[in-house]
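Enquirer: Single-letter residue listing:
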Amino acid sequence: MKRIIGNQLTSGKRTLFDRSLFLLKSPLKTITFFMLFGLILGYGSPAQSQDIAQTFKQNCSSCHWIGGGRLIGPDLKNVSQRKDRDWHVRFILDPKAMIDSGDPYAKKIFAEAKNVLMLKVPGMTAKLANDLLDFIEAESKLDSSQFAGKKVALGPFSAEDAAKGLELFTGRTKLENNAPGCINCHTVNSVGGSLGGRLGPDLTQVVARLQGRTAITSWLSAPPTATMKSQFQNKPLNEQEIKSLVAYFESSANNDRYNFDSSIIWIAVIFCGFGGSLFGLILFSGIWGKRFRAVRHPLVKLSKIRGES
Amino acid sequence: MSSPFSNLEQLLYGILPYVAMFVFFLVTIIRYRVHTFSYSSLSSQFLENQFHFWGVVPFHYGIIVILTGHLVAFLIPSQLLAWNGVPWRLYVLELSALIFAFLTLTGLVNLMVRRKKYSKILEVTTKTDWLLLFLLLLQVSAGIYVAITYRWGSSWFATSMSPYLWSLVKLNPDISYVIGMPWMVKLHIINAFVIIGFFPFTRLVHVLVVPNPYLWRKTQVVRWYRDRQISRSSV
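These protein sequence lines map, in sequence, to chains A and B. Per the numbering used here, residue 1 is the first one in the first sequence, and the count goes up by one each step. Per the numbering used here, residue 310 is the first one in the second sequence, and the count goes up by one each step.
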């Protein structure tokens, strides 16, 4: 016998999830289901085909030059002469694992990079690593590689450059190719540490962290991290924008005016969120809290009185 | 060059969304045709309606505002970024979203407690309900964690998540927008698609048949037409 409480059937708790298994009991429906599923699978991986130079540009060039000298990482000209091919492939596949394993040469180049860890490239394979090493070898034989690096002005930036950089950072001035402003994901002290985004790292000391103006310039010309690459590979920064941003980062690093623990402000904002939701609950209670008591309870009370009498 | 993404990444961000949407449309249609009258929230309001208030009201107002926010960022990301371009507007938007997110969480926890606390409610609670509540709790908690830890989610949703979702709509998924995200953001994304796929098997289908006329119809007073003593003795 079925029992009903309220408007719900309570006997035999067969859920619709159980019932849906009928899909698999019918051969025709099953075949249709898996054909459609196969179509979905077969739509193919997103087009990722690109030449090896482009791969080097997007994944390596922001930290390495070929014949231009040291950047964040070592110059890769004739890199194949420093260690054997197998070592290089293993290092490219997983730099951190090589360093953690205690490999002396891996530890040495890690120290020379001032402990900036080389990123593990998503989807890197032994074949791709070999292709990259072949490419580097071929570029090393040229008088001047296309990845020999750009010369960056070493003189002081003007205050105007830094001001333009601030406008670009905050998004008040749009980037030429419509890439998003830095503030969506990053913060620096001089915009108020609590006000910038926190998805990416704090950029207050980014110039020092990446070891100077040249390296940060190179980084910004082809950001290698997965999140930034997706944003900037089709919307690159132009040279003037990079210059302004680097000027702004340099000026921020030396600006002590806002050098305070901004996390307090953010914690206050979170408490405001708590407070706001509490206020919301009180508001709901005030508006609708008596919706039953105001109508139904007097009626129930009345019926009780009548029943007793 | 082969795909730079692992098979698992392609499965989770490139294929799961389509499987979820496929299941969503297929089963919602089949369910409506085969079990038409199961399109209900299976309200247990008649069984208990005091604690119920502190669950459904904050949960519904919270989740409606939060989902609307996600939809706006998906549909008009440029306009949202323009709004966020002025700091005080960004703060107002983010703080409002945080308030409604806390309301959603409060309501959801209350709904779970209510289902456990009252025996009548527990009696009409299926394993599917518990699984759904758990998935929603995970989703809302992850969302709040992301909003607090990786702030200005409204902005980077517009710059990163909106292009990803549009790439799905255009049947050319570009999962590079997701790959570099923190794992909690990824969890939020994956769980969202799991909920979409699970949706048609649950009482969430009531979302598709919201009785909008309730908003403008005249109020009704519902009264029991029964003898209380007989009713009690028959249970």
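Keep in mind the hints are simulated off the structure, nothing from the lab. Computed from a prediction, not measured in an experiment: that's the story for all the values here. Heads up, some of the hints might be wrong.
Computed footprint of chain A on chain B; a stretch qualifies when at least three of its residues, placed anywhere within it, have a C-beta under 8 Å from a C-beta of chain A [to be verified]:
1) 373-384
2) 407-414
3) 481-494
We put the beta carbon where it would ideally sit given N, CA and C, even for glycine.
Enquirer: Now, for every hint given, state plainly whether the structure supports it.
Expert: Going down the list of hints, with the structure as the test:
Check result for the segment 373-384 of chain B against chain A: violated, 0 residues qualifying (beta carbon to beta carbon below 8 Å, three or more required). With 6 residues having a Cβ less than 8 Å from any Cβ of chain A, the segment 407-414 of chain B passes the three-residue criterion, so the hint holds. Judged by the Cβ-Cβ criterion of 8 Å, the segment 481-494 of chain B is covered by chain A as claimed, because 10 of its residues qualify and three suffice.
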